[in-house]
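Work out the full structure: start from the sequences and follow the hints.
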Amino acid sequence: MSEEQGLTPYETREILFYKTENGEVRVEILLFQENLWLTQAKMAELFEVQKAAISKHLKNIFESGELSE
Numbered sequence: 009m010s011e012e013q014g015l016t017p018y019e020t021r022e023i024l025f026y027k028t029e030n031g032e033v034r035v036e037i038l039l040f041q042e043n044l045w046l047t048q049a050k051m052a053e054l055f056e057v058q059k060a061a062i063s064k065h066l067k068n069i070f071e072s073g074e075l076s077e
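So the sequence shown is numbered by our numbering: it starts at 9 and just counts up by one.
Please keep in mind that the hints were generated in silico from the structure rather than gathered at the bench.
Take every hint as true, because none was put in to throw you off.
Pairs of lysine to any residue, SDA-like flavour, derived with a Cα cap of 20 Å:
1) Lys27 x Ala49
2) Lys50 x Leu39
3) Lys64 x Ala52
So this is what it looks like as structure tokens:
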């Protein structure tokens, strides 16, 4: 993403934040060991569901042992 696409980075660390010309945050990501990390709020925004739905599914994944915390 670049300024040519209407986005300008305002923070450069492991988490990248971009905002549009009107100040709206468009992307918040953390890339770590080839994995993309999102907050529960960002996952909810991505899948267009409530944060509670993401929390419920993550809880089920951890309780089932599919993944460990």
